[in-house]
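Guided by the hints, dock chain B onto chain A, whose structure is given.
So the sequences go chain by chain: A and B.
Position 101 of the first sequence, counted from 1, bears residue number 101 in our numbering, the numbering being contiguous throughout.
Position 342 of the second sequence, counted from 1, bears residue number 342 in our numbering, the numbering being contiguous throughout.
The set of hints was computed from the structure by calculation and includes no laboratory data.
Please note that the accuracy of each hint is not assured.
[To be verified] Per the computed footprint, the stretches of chain B lying under chain A, defined by three or more beta-carbons under 8 Å from a beta-carbon of chain A, are:
| id | segment |
| --- | --- |
| 1 | 114-120 |
| 2 | 326-335 |
| 3 | 369-383 |
[To be verified] Here are some chain B residues the structure puts well away from chain A; computed CB gaps all over 10 Å:
| id | residue |
| --- | --- |
| 4 | A48 |
| 5 | L99 |
| 6 | P144 |
| 7 | V314 |
[What the hints assert, rightly or not] Quick list of the computed label-pair ranges, beta carbon to beta carbon:
| id | chain 1 | residue 1 | chain 2 | residue 2 | range |
| --- | --- | --- | --- | --- | --- |
| 8 | B | V141 | A | P772 | 44 to 52 Å |
| 9 | B | K299 | A | A605 | 27 to 35 Å |
| 10 | B | M403 | A | V913 | 29 to 37 Å |
| 11 | B | F202 | A | P673 | 54 to 62 Å |
| 12 | A | R316 | B | L316 | 38 to 46 Å |
| 13 | A | K711 | B | S45 | 49 to 57 Å |
Glycine included, C-beta positions come from ideal geometry on N, C-alpha and C.
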Amino acid sequence: MCDDHKKYDWSRREFLEASGFGLFLAALAGCGRAPVQNAFGYIQQPEGAVPGGTDWIATVCGACPAGCGVLAKNRDGRPIKLEGNPQHPLSQGGLCAAGQAAVLGLYDSQRLQSPLIAGKPAAWDRVDNEIRARLKDIRARGGAVRFLGETVIGPTKRAMIRRFLEGETSRPGIEGQAADEGAHWKGFSDARHVIYDSLSASALLDAHRLTHGVRLLPQYRLGEADVIVGLDADFMGAWISPVAFTADYRRGREPEGQPPRMSYHVQFESRMSLTGACADRRLAIPPECLGTLLNHLAVRLAEKASVPLEKIDLGRPPVPAADLDRLADRLWQARGRSVVLCGSQDVKIQVSANFVNHLLDAYGATILLDRPSHVKQGDDRRLSALVREIREGKVAALFIAGANPVYELPEGGELKSLLRRIPLTVSFGSHLDETAAMARYVCPESHFLESWGDAEPAAGVASVAQPALRPLGDTRPLIESLAAWMDRPQSAYELVRRHWEESIFPRRAKGKDEKADTFEAFWEDAAARGCAEFEAEAPAVKEFAREAVQLGETAPEQPIDNLTLLLYPTVALQDGRHALNPWLQELPDPVSKVTWDNYASLSRATAAGLGVEDGDVIRIACGEGEEKNVVLELPALIQPGQHDRVVAVALGYGRRGTERFAKLAPDWIEARPLVGPNGLVGTNAAPCLAWEGETLRYRRNGVTLTKTGEKRPLACTQQHHEIAVPPRLATPGAGRRPMIEEVALSAYRAHPQPGGEPTGEHGAGLWPDDHPYAGKRWGMVIDLARCTGCSACVVACQAENNVPVVGRDEVRRSREMHWLRIDRYYSEAADGVDTAHQPMLCHHCENAPCENVCPVLATVHSEEGLNQQVYNRCVGTRYCANNCPYKVRRFNWFRYARDDRRENLALNPDVTVRSRGVMEKCSFCAQRIQEARLEAKRLDRELRDGEIQPACQQSCPAQAIAFGDLNDPKSRVARLAASSRYYQVLSELNIRPAVGYLRRVRNRDAGEGGMQHG
Amino acid sequence: MAEAHHPPPLVAGNKSSADVTRDICAPLERGPTGWWWSAFLTSASVLALGAAAVAYQVATGIGTWGLNRTVGWAFDITNFVFWIGIGHAGTLISAILFLFRQQWRTSVNRSAEAMTIFAVMCAGLFPLIHMGRPWLAYWVVPYPNFRGPLWVNFRSALMWDVFAISTYFTISLVFWYVGLIPDLATASARARPGWRRRLLEFFSLGWNGSYRTWHRYELVYLLLAGLATPLVVSVHTVVSFDFATAVLPGWHTTVLPPYFVAGAIFSGMAMVLTLMLVARKVMGLEDYITQRHIDPMCKLTLLTGSIVGLAYLVELFTALYSGNAYEQFAAMNRLWGPYGWCYWVMIGCNVAVPQLLWFPRIRRALPAVFVISVLVNVGMWFERFVIIVTSLHRDFLPSSWTMYLPTSVELATLAGSFGLFFTCFLLFCRFLPMIAMGEVKGVLEHGRGNVAEEVAP
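Excised from the complex, chain A in its bound form (with noise of 0.2 Å):
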């Protein structure tokens, strides 16, 4: 609750205007400890609270370990929509799509409500005091205790799982005074916190350590990059930190920046990745050449840099070796500012890509050892090691926390019926989901909104998690229960404060501001501010050991003709943790326009030679010899950019749960499944991950594949995918249809106005204009330069603007109601193939095509330019939606499913809930609008620009989207419009959107192929 509210003489009218608030609060917000509040609204209002009022509580988002900073905004005590933390300095107020649809699994009425003994639910005192006995007598009897989870980011979570597991003496510097108020917990001899990424970077772990003598991950700061060579690595997609890294990457890339900044990105990838979309180059390469390619460029470097080499075999280079040597120049040059990022789980090849980065200067220029990341601390090693325990029935006790091994990995399946013969199993599991539905006790961790806690995602930084609410159901955060079990009970907020105040208020960094360097007002910032910097130990870094590196060790590796198994995260599922969210399972992908399943994507040649289309099903068969064959069933999709020899699957699917989406969508007689053959969303294709050395490994060599002679068409939200019409219907030099626009660069700075028409411009008319504009313009300018495609802005806005879930069948007939969608277009390119993004959404046309269609004026235009629609004013005829040429009108064919009364409790409830019939489209975030206006009259004070965020743009990572007034000159928005890279969709219509792009750039040089003007 804030707590500076002021008095006011309140008439009628201003506190009407006062219950609409503004941005301004996020500034306000949360300062210091929120209360709890109750979940469903007040039965007695606290003193203070605004009824309709808005609080913004700072926290970190929990979708990932990833540890953005966000914005809970919060209603009557219940938070309705998460944003994106603008004071934080890694996420820097943007927030990926996971991170928006999160508040929808607040109130997922699939969450555990109680704690659970073997599958009853049972009180928290009972389970406490088995547990504590068990416990007990492990201990007695010296028995193994393990504790399985994914990378903790949070510092006093981290500290209580060491205490946990090793006792309070072995760290005294932290824990010393906690001693000396009770008796000693003593932990336990035979104690290890196995972590374990499910998307695990343990190869990078561990080639860090052969070469700098410590297991960290280091900092990249892409921002400070010119030139960026990504190899298989989706850094702007599902890999390690995506949000701090597109937010990164896009400071480089500022091409009206001053001064002028356009980083070189290359990638070399097997498969389509979002990153590979964002590229100025990107090369598809055989899925085992990465380690010939990485010699390849590390020989050249090495031989620019006079460092001797031994002779190697090279063996032939993946792609044409004058790239090569183009590309070790431009490295070359750019030394101390550039950076090669490798997403491969082979530690030779990690080895080698250090060597490249080492070469290069890169490290302590872009990438930073002495600030590592904490976001992966996962071990392959010690994962294999603990399965191999347990396999033996070594292990006494073992408690899984934020994983989810049964599903997750290769054995799942075996673990499965391992589980059950461990003594002691305790899963802080939030669902019941596979592995917990395994454990004989279930401790349902609280959700991030609901407990207090912390993160610290990179050294250094780190941040206050407050509790947005009560817990919704009987749960309970992680550390209570450890504190519950080592018999010194203590509320987390007690715990999280006890640890800042030891072990992170000591080492603050110190500020000019000294009166305010007590602990309370250190706290209270960092939990108003969501974050806090403060000197973290810098790790013992060792100079570079160039004996680790062994080229020759992973070149060459032999050439295979058979095909390859890629498996990947997705965007909105990443490893399966949020397949329970219908926000994300609707999410296209952001690359494929996929919703609902996961698929086989094939190349269009590999695809030809089986005979397959998209939609035909096909087994993948893996595992040779003695290993058990493991097999895949999935639809087929072509997928333009793929390397020939290789099958990509994602990972995520098939999760226990969605068989809860068989019953999503309307029911019909033509009705279609909602879920697969196996009632669920996918097939997870886990089991086909394959360890190799002690490394998990995202790829498998040698599959086979055939064609089953089913069907099962994919909910494609995007049918015709070329940016050109099908050549046989195309006219002379009409092939490419013109809605992207791109220039390269050196065109670009030859001539700041690029070629192609001048648009945005339109003749004088013969009638005068309907709309004189007196005071605001409200408009919207899209950069493509920094839009990436990710996709959180769809969510954003559907989590803004209560845009239902329909359902695969839905999205499978081309309804799928999203406001905001991103058109992805492939193209013809020099090196394959070339793929632009397209945010699209309602232009709010000045002559709006829509507008004068409707028969009963339900959709109006407003002084101010917004196209408005007047829900119960509609009468469902359609001719709105078939007169927009942007085609971003969406209309509600049946009642779409709002049935999950808890889940409705994420509603807005600043925007109407649509009834079957009306048609609806994005409203420039009205709403927004409205607060803005009323608090700048509350405070007798002009809107500022900026001031008015629709949804999509707070949350772009990327910054690409801008809206504000176009009659404002100096308003970011009308400058960005006056910029020579501007254009509009479609202005030859005469429509005069107020929506318009920015071409996008790519750092090539003029004629290099692809979608280009100019």
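Same frame as chain A, now just chain B:
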């Protein structure tokens, strides 16, 4: 001109006025035949199926149709335009041909007008049920209301449709009814005492057959014919504005109004032929509907069909010559895209098949004429489908391109509209004189030599 070869009389069998009255009233007075019953039960069942489909759709949601975010109209507006078009031949025959004193119209005008009314009823159904919230359909009518200054949008072509269709329906109904009055009086005079007779008496408005009555009747009829005449052109012009005023490539064309009017008369003539060829056989009216009637209708079909064919060419030419990539693509996609087969069905049925009517031998072969007339209507239905769906499904942004497939509910609704049409038409045949007795008597040659020719202007 006509002296060269003597045309056969309009009514065969040398009928007297009494014969006419007896023949025409016979279906009303004898019980329904087995043919009628089987036809009626079939149509009524199909109507019931359609009614069930509409009820299901209204109760469940318009999502039970195959429409989507890109294709917002398909079967619904196709059927609407199709049925509206059918109606036009009726008005043409009863009004324009009346003004032009085309005597062959007398045997067919009553049925053609009935056809118009039933077709407009079928047509009017679709704009109603195609709405997302059909229970609010009255909002498209500008009436004084207490919802604040809520008014309708006079700039919307759909609004114009509301006026065009309601006017059309009203005038057609009045015209038809006025024409019926003398015959209703005749029928009531012949009816046995009872409710039927009372009803007929009531609706004949006290007709007494006096000279003054006839005089006034003729005057009113002439005036109404004058009023109805512009509707033949205006209604379908307005319907075409639904498309012509839109921005969509394939819709946004100036050729649409004449194209639509010609198409409407084309399809209407074909429908009249279909109905008359069946009716003359089933109702035993071979003497009244003769080659003298069928031949000019065939010629009109041929003429309008050729105009339609020309319109198709003009449309293609304009699109390809326009220099507008979207228009060009819309044309190419129509011809060779995924719905290309619909286009070629349309061309086959509307342009190629009617050319057979150049041959008198074909015009005289009634089974052939029947097949041609049915094919024309198949083609005209596809024409509307092609205009609507092929333009919509692939418009400006390739990202939004998609396909449309009708659902069973839509197919049942389409069938149901035919059920409604034929049910109404069969009831009409059974309960009302389907040939205008008064008018036919005026063109009889019985007892007057070849007067008919001298009367002709």
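These are the hints, each one checked on the structure:
no.	hint	verdict
1	114-120	violated (count 0)
2	326-335	holds (count 4)
3	369-383	violated (count 0)
4	A48	holds, 17 Å
5	L99	holds, 34 Å
6	P144	holds, 15 Å
7	V314	holds, 18 Å
8	B:V141 / A:P772: 44 to 52 Å	violated, 32 Å
9	B:K299 / A:A605: 27 to 35 Å	violated, 59 Å
10	B:M403 / A:V913: 29 to 37 Å	holds, 30 Å
11	B:F202 / A:P673: 54 to 62 Å	holds, 59 Å
12	A:R316 / B:L316: 38 to 46 Å	violated, 54 Å
13	A:K711 / B:S45: 49 to 57 Å	violated, 35 Å
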